[in-house]
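Here is how the chains run, residue by residue.
There are 2 protein chains.
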Amino acid sequence: MEQIKGGVTAAEGFFAGSCAANIKYEGRTDMAMVYSKKPCECAGTFTSNVVKAACVQWDMQLTGSGDPLYAVVINSGIANACTGKEGFDACIATAKAVEAELNVPYKGVAVASTGVIGMQLPVDKLTAGVKEMAHKLGDSIEAGTQASKAIMTTDTVNKEIAVSFDIDGVRVTLGGMSKGSGMIHPNMCTMLAFLTSDIAIDKALMQEALSEAVKDTFNMISVDGDTSTNDTLLLLANGASGNKKIESKGPAYDTFKEALFYVCRELAKKMAKDGEGASRLFTAHVVNAKTKDDARTLARSVISSNLSKAAIFGCDANFGRFLCAMGYSGVSFEQEDVELFFESAAGKLKVFEYGVPLDFDEDEALKILKEDEVKVFIDMNEGTQEATAWGCDLTYDYVKINADYRS
Amino acid sequence: MEQIKGGVTAAEGFFAGSCAANIKYEGRTDMAMVYSKKPCECAGTFTSNVVKAACVQWDMQLTGSGDPLYAVVINSGIANACTGKEGFDACIATAKAVEAELNVPYKGVAVASTGVIGMQLPVDKLTAGVKEMAHKLGDSIEAGTQASKAIMTTDTVNKEIAVSFDIDGVRVTLGGMSKGSGMIHPNMCTMLAFLTSDIAIDKALMQEALSEAVKDTFNMISVDGDTSTNDTLLLLANGASGNKKIESKGPAYDTFKEALFYVCRELAKKMAKDGEGASRLFTAHVVNAKTKDDARTLARSVISSNLSKAAIFGCDANFGRFLCAMGYSGVSFEQEDVELFFESAAGKLKVFEYGVPLDFDEDEALKILKEDEVKVFIDMNEGTQEATAWGCDLTYDYVKINADYRS
Numbered sequence: 001m002e003q004i005k006g007g008v009t010a011a012e013g014f015f016a017g018s019c020a021a022n023i024k025y026e027g028r029t030d031m032a033m034v035y036s037k038k039p040c041e042c043a044g045t046f047t048s049n050v051v052k053a054a055c056v057q058w059d060m061q062l063t064g065s066g067d068p069l070y071a072v073v074i075n076s077g078i079a080n081a082c083t084g085k086e087g088f089d090a091c092i093a094t095a096k097a098v099e100a101e102l103n104v105p106y107k108g109v110a111v112a113s114t115g116v117i118g119m120q121l122p123v124d125k126l127t128a129g130v131k132e133m134a135h136k137l138g139d140s141i142e143a144g145t146q147a148s149k150a151i152m153t154t155d156t157v158n159k160e161i162a163v164s165f166d167i168d169g170v171r172v173t174l175g176g177m178s179k180g181s182g183m184i185h186p187n188m189c190t191m192l193a194f195l196t197s198d199i200a201i202d203k204a205l206m207q208e209a210l211s212e213a214v215k216d217t218f219n220m221i222s223v224d225g226d227t228s229t230n231d232t233l234l235l236l237a238n239g240a241s242g243n244k245k246i247e248s249k250g251p252a253y254d255t256f257k258e259a260l261f262y263v264c265r266e267l268a269k270k271m272a273k274d275g276e277g278a279s280r281l282f283t284a285h286v287v288n289a290k291t292k293d294d295a296r297t298l299a300r301s302v303i304s305s306n307l308s309k310a311a312i313f314g315c316d317a318n319f320g321r322f323l324c325a326m327g328y329s330g331v332s333f334e335q336e337d338v339e340l341f342f343e344s345a346a347g348k349l350k351v352f353e354y355g356v357p358l359d360f361d362e363d364e365a366l367k368i369l370k371e372d373e374v375k376v377f378i379d380m381n382e383g384t385q386e387a388t389a390w391g392c393d394l395t396y397d398y399v400k401i402n403a404d405y406r407s
Numbered sequence: 001m002e003q004i005k006g007g008v009t010a011a012e013g014f015f016a017g018s019c020a021a022n023i024k025y026e027g028r029t030d031m032a033m034v035y036s037k038k039p040c041e042c043a044g045t046f047t048s049n050v051v052k053a054a055c056v057q058w059d060m061q062l063t064g065s066g067d068p069l070y071a072v073v074i075n076s077g078i079a080n081a082c083t084g085k086e087g088f089d090a091c092i093a094t095a096k097a098v099e100a101e102l103n104v105p106y107k108g109v110a111v112a113s114t115g116v117i118g119m120q121l122p123v124d125k126l127t128a129g130v131k132e133m134a135h136k137l138g139d140s141i142e143a144g145t146q147a148s149k150a151i152m153t154t155d156t157v158n159k160e161i162a163v164s165f166d167i168d169g170v171r172v173t174l175g176g177m178s179k180g181s182g183m184i185h186p187n188m189c190t191m192l193a194f195l196t197s198d199i200a201i202d203k204a205l206m207q208e209a210l211s212e213a214v215k216d217t218f219n220m221i222s223v224d225g226d227t228s229t230n231d232t233l234l235l236l237a238n239g240a241s242g243n244k245k246i247e248s249k250g251p252a253y254d255t256f257k258e259a260l261f262y263v264c265r266e267l268a269k270k271m272a273k274d275g276e277g278a279s280r281l282f283t284a285h286v287v288n289a290k291t292k293d294d295a296r297t298l299a300r301s302v303i304s305s306n307l308s309k310a311a312i313f314g315c316d317a318n319f320g321r322f323l324c325a326m327g328y329s330g331v332s333f334e335q336e337d338v339e340l341f342f343e344s345a346a347g348k349l350k351v352f353e354y355g356v357p358l359d360f361d362e363d364e365a366l367k368i369l370k371e372d373e374v375k376v377f378i379d380m381n382e383g384t385q386e387a388t389a390w391g392c393d394l395t396y397d398y399v400k401i402n403a404d405y406r407s
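Those protein sequences? They're chains A and B, same order as listed. Those letters in the first sequence? Residues 1 to 407, per the working numbering, in order. Those letters in the second sequence? Residues 1 to 407, per the working numbering, in order.
If you are wondering where the hints come from, they were derived from the structure by calculation, not from laboratory data. Misleading hints may appear alongside valid ones.
Note that the list lumps identical chains together, so a pair holds whenever it fits in one copy or between two copies.
Stated by the list, open to error - Straight line, CA to CA, 20 Å or less: simulated SDA-like cross-link-like pairs of lysine to any residue:
#1 Lys-400 <-> Leu-366
#2 Lys-85 <-> Gln-120
#3 Lys-24 <-> Lys-125
#4 Lys-245 <-> Glu-132
#5 Lys-400 <-> Ser-279
Please model the complete structure; the sequences and the hints are all you need to start from.
So, in structure tokens, the structure goes:
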């Protein structure tokens, strides 16, 4: 497997478009479309929030139906959540606009939205946007990059990635894009992420691989502990690479799964690092936990704690806050078993050992904590399982962004 | 029942002392003692955090033993959490210092600490502090007030309250003090709160009343979602009022319980309003939920959400964030049933009705949200149960305080 340039248009047969539909933002693009002429098998995971956006409800119907998917239309600015029947009708109107332009069944068109909750989408602008995009779809890397920019809200950088790998001698590509960067605490899924591949694979197998990948990638990041109403991860596979269709588990499936984990993990890390107001990537790596779930829960609890995040912002080696977050995570453990280290490009330093604080060098700790990417390494010494979670620091800018996000 | 002046010394036979022991802070008091010559029945609730401070472990032994309690010694500056055997020995040394000074069994002396985690307490300073306080214990209101000031950390105001009520014609008093103001997300209990009463009551009944009161008071506040390692709530009752001992449920028990709920609720609200960096009290009142637990969970989720809290700081009527927080709370409900209002001294405004956002007056919303105390009123329209939770806004000052708290 090798990482290659591009995102959603990297795989064979996928096109993308974007436009400025003036839905809420001005002076920038705010709609994107991903399209494959060949029908796609699709897999998806969605927010566990009871309050599901209208688009999530629509996409869950589509991915559950077994029908092929042809396109995804995404808008930024308005989330189409808490919008009742009018909001759901906007999804159908968008899908029908794609049907009219590209001659694909509207039940093969997924939609996704991100932005302010509790505001109706302007359907006329959406359908005009679809019409414009349908006429300028392209399969260049640049077309994919432009799409990844159009779906940004408070993101400061666009997020895309692609990899190639061989299956039975056939070159297969998997690419994707995602966006953050607030209301990020995915549960069963993430904010918006769209993956495309030219692989041929059984739908159920693809869903299984995606659901597994999500657990250790998108579900292991947090920006602010708020699980969005709109979390959507879609994977479209059109089979254009010509590989022999993967119908069962084996080496080919494993190769695909490895690539899928890689793409999901890299997109997830990009989202964490670009969390609202974030100044650094904050990783918790838990090893030797009793169970995999324990390892995940502990790592997630540490990077989700406001107090831990504020300490990371302040380059403060206040390790007690990490232990506190582990303690209220719901996992049972003995504090006398735990060892805790700070780690970055500048070095690694043990600060807590078997229930007792160490008399560590504060200057060395500061040097480590001043790096852009900081890790807390936690050895539970109680088992063999490990997990990693990615978050970011809590900064003045997070408060600033969210005190006046709607205005 | 009437509210009276004072705190922990309001009830008959309770003394308090405080001193500057220079444990970590300089130029201020940092130790307090509460004492009753008459032995006290006691009840307590403690943090559910797996990582329990040494003092919590000590107090859990005492309150579980059935032995009477005589005193509580509290220090601020260092939390005595994650400190191993050395930390536990510091608790015993403190209790034995009280035994030496006041001639009470050391197993009748509770201790509590608040401050930085992962740092050892200076035992010599603790015992010197106990000696100093033992010689200047007083039962004046002022002595109680001084004690409530000595236990403050990032609190900006001290927190105390007292009430009197009649039981079978006998005047009984209940008073208390508490402190916040970060790492506040009590679970089974709260940060530090100490209640004293001259009531005579069966220990088991007292514990039952306290455990019930905590559920709707201290456990319904949150400042930052971080459940502390040190949460401790102790209630001491010395029987000095002379009431006929309450041995069973009935009108006398109900009167006591009502007073206990009132005192706990008022102290909890004071903690929420004085949350780290807070500029306003942010209340969520949920009505007509299916179950009491649902109502509590929904209210707590709303006031715990970083995004909701930042919106309150910005006076932004971004009600979608409240619905989002309700949606990921774990409670199952139909968004089509929900009505949502903003409410304060400046008025009440409906913004969401049966799944649909209303076209409300933004100026009126701003007027309501600019008040010092702001409420979100949520009608679930699915049952008959209600609950209230209290929090605060998320401000620049919260980040500032916690980025350099340890230094």
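Status of each hint after checking the structure:
1. With identical chains, the CA atoms of Lys-400 and Leu-366 are at most 20 Å apart between copies only, with a shortest distance of 17 Å across copies and 26 Å within one.
2. Taking the shortest alpha-carbon separations for Lys-85 and Gln-120, only the intra-copy value of 10 Å comes in at or below 20 Å, while the best inter-copy value is 60 Å.
3. Taking identical chains as interchangeable, the C-alpha atoms of Lys-24 and Lys-125 lie at most 20 Å apart only when both belong to the same chain, with a minimum of 10 Å there against 61 Å between chains.
4. Taking identical chains as interchangeable, the C-alpha atoms of Lys-245 and Glu-132 are never at most 20 Å apart, the minima being 35 Å within one chain and 81 Å between chains.
5. In this homomeric assembly, Lys-400 and Ser-279 come within 20 Å of each other (Cα to Cα) both inside a single copy, at 14 Å, and across copies, at 15 Å.
This entry does not satisfy hint 4, going by the numbered hints stated previously; all others are met.
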